[in-house]
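Full structure from sequences and hints, please.
Mapping to our numbering: the sequence shown position 18 is 45, numbers consecutive.
The hints are simulated quantities; they were obtained by calculation from the structure and are not laboratory data.
You can trust all of the hints, since none of them are fake.
Distance ranges between label pairs, derived from CB positions: (1) Pro177 x Gly111: 37 to 47 Å; (2) Gln29 x Glu73: 27 to 37 Å; (3) Ala81 x Leu129: 39 to 49 Å.
Here are the simulated DSSO-like pairs of lysine-lysine, each with C-alpha atoms no more than 30 Å apart in a straight line: (4) Lys124 x Lys196; (5) Lys175 x Lys124; (6) Lys196 x Lys175.
Where is the CB? At the ideal position from N, CA and C, for every residue including glycine.
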Amino acid sequence: MQVRLDGRRALITGGSLGVGRAIAARFVEAGAQVVIVARRQEVLGEACAAIAEAAGAAPTAIAGDVADAGDCARIIRDAEAAVGPIDILVNNAGSSKRGAFLEVDDATWQSDLDLKLFAAIRLARLVAPGMIERRWGRIINVLNTGAKAPPAEGAPTAVTRAAGMALTKVLAGELAPHNVLVNALLVGRIKSDQWVRRHTAGAASGSNATLDDYYDEMARSIPLGRVGEADEFAAVACLLASDLGGYVTGTAINVDGGLCPVV
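And the structure:
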């Protein structure tokens, strides 16, 4: 079975690294025209080169900050000028901010909401009318398993991601009559630059563990016994974005090796 996206146009935020880059590469391989968005132009350039080498074609890169409302509008304008109306939106931009509740200030809460929740709201609002008119669309919100099982000291990320899951359900119900499908994919422990940075920080503080040792330690709590690959996450996103996923909407799928205690 081949999962194809021929003729589709996709926009992926946070597309320069990690699962965003993996999704972009998988979409390009499947025949889609892809736009990746991130804040740093130089990292976008590196991503385009890597994707072109792996997938045979380069995506379009747009530098921008999706936490800013004006930039969201400009990003969509530039993307549609480059590839045409957007059929598939993957809201993947984000970071992992967490700490003790009493230590999280208003500025941290607001920046997290702007980057993860309001970006998804604004971008969906901009592309949904065209999807409705064409009677075909896909919106995929990349969240994490904290949206279903928020841990202690998981704020603000877990709270923002839970709001993203509620947004997913609201949009799915409203857009389903127009054949616009909205789903969420919940990241568990997937190999990414985030974990590389944490490992590097540990090494700087005196840890002698290799990156493989670090992943092996993480894997002990995962029922499948290993940390996931970004390509595995991207494969699920590609299926949902394709016609083969045409009867799936309003759901939040854990891609976590069985780690989350909530289905």
